[in-house]
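Asks: Please model the entire structure based on the sequences and the hints provided.
So the protein sequences, as listed, match chains A and B. Count along the first sequence from 1, then add 95; that gives the number in our numbering. Count along the second sequence from 1, then add 1032; that gives the number in our numbering.
No lab work stands behind these hints: they were computed from the structure. Accuracy of the hints is not assured; some may be wrong.
[As the list claims (entries may be wrong)] Subject to a maximum C-alpha distance of 27 angstroms in a straight line, what follows is the list of computed DSSO-like cross-link-like pairs (lysine-lysine): (1) K165/A <-> K1132/B; (2) K1077/B <-> K1132/B; (3) K104/A <-> K152/A; (4) K104/A <-> K165/A; (5) K1111/B <-> K152/A; (6) K1132/B <-> K166/A; (7) K152/A <-> K109/A; (8) K1074/B <-> K1132/B; (9) K1074/B <-> K104/A; (10) K1077/B <-> K165/A.
Everything numeric in this text was worked out from a predicted model, so none of it was measured.
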Amino acid sequence: NAGVTQTPKFRVLKTGQSMTLLCAQDMNHEYMYWYRQDPGMGLRLIHYSVGEGTTAKGEVPDGYNVSRLKKQNFLLGLESAAPSQTSVYFCASSNSGGDTRLYFGPGTRLTVT
Amino acid sequence: RKEVEQDPGPFNVPEGATVAFNCTYSNSASQSFFWYRQDCRKEPKLLMSVYSSGNEDGRFTAQLNRASQYISLLIRDSKLSDSATYLCVVIRAGGTSYGKLTFGQGTILTVHP
Chain A
96 NAGVTQTPKF
106 RVLKTGQSMT
116 LLCAQDMNHE
126 YMYWYRQDPG
136 MGLRLIHYSV
146 GEGTTAKGEV
156 PDGYNVSRLK
166 KQNFLLGLES
176 AAPSQTSVYF
186 CASSNSGGDT
196 RLYFGPGTRL
206 TVT
Chain B
1033 RKEVEQDPGP
1043 FNVPEGATVA
1053 FNCTYSNSAS
1063 QSFFWYRQDC
1073 RKEPKLLMSV
1083 YSSGNEDGRF
1093 TAQLNRASQY
1103 ISLLIRDSKL
1113 SDSATYLCVV
1123 IRAGGTSYGK
1133 LTFGQGTILT
1143 VHP
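Replies: Quick look at the structure:
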């Protein structure tokens, strides 16, 4: 099992450019999440999904969109990147919501100049 | 006041030392608690759950104090390999599918020879 994988690992964007981050999991998990991690801020939930075809907003959803067309994939899109979106992005999955273990991907380091 | 707060440290301790960190939470409806470990530039990984009666896993002991609303992590006989950031996670029953899972900002531990 590869667990949770993320592509790309690193990316530099110019302000206004768009990109999609891909998360894939092979554990047949229903729940998937996108977090961003910034110094001194902890991990903050951007969007999450409770199953194929569903998505919902987390704490900091503005400027991001997501899609879960297949159970194993969760895509995070930035339509018009801003310097405030410079961060490390982690995808995670879990068997169910709430009181369960999260499995994280290795992260994507994004810099927006 | 942040919902979950940790002393960011850093804690610098010699090998073999005992070190403890606390994590305070503000919402008394919080119901589940975890410690995650995050190595430098890596993803967080579950270290241990925190049970009401306290629990131990080798050199690690986790405790919950509901009256004072904090959880703690004690590491005995510190090893160089324990150097990492320790994240507390608090889950509040919120009626949403994913519960209301909040990460602390993390406590940095450095164990030196």
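Asks: With reference to the structure, classify each hint as holding or not holding.
Replies: Structure-based check of all given hints:
{"no.": "1", "hint": "K165/A <-> K1132/B", "result": "25 angstroms, holds"}
{"no.": "2", "hint": "K1077/B <-> K1132/B", "result": "19 angstroms, holds"}
{"no.": "3", "hint": "K104/A <-> K152/A", "result": "24 angstroms, holds"}
{"no.": "4", "hint": "K104/A <-> K165/A", "result": "21 angstroms, holds"}
{"no.": "5", "hint": "K1111/B <-> K152/A", "result": "40 angstroms, violated"}
{"no.": "6", "hint": "K1132/B <-> K166/A", "result": "22 angstroms, holds"}
{"no.": "7", "hint": "K152/A <-> K109/A", "result": "25 angstroms, holds"}
{"no.": "8", "hint": "K1074/B <-> K1132/B", "result": "24 angstroms, holds"}
{"no.": "9", "hint": "K1074/B <-> K104/A", "result": "11 angstroms, holds"}
{"no.": "10", "hint": "K1077/B <-> K165/A", "result": "25 angstroms, holds"}
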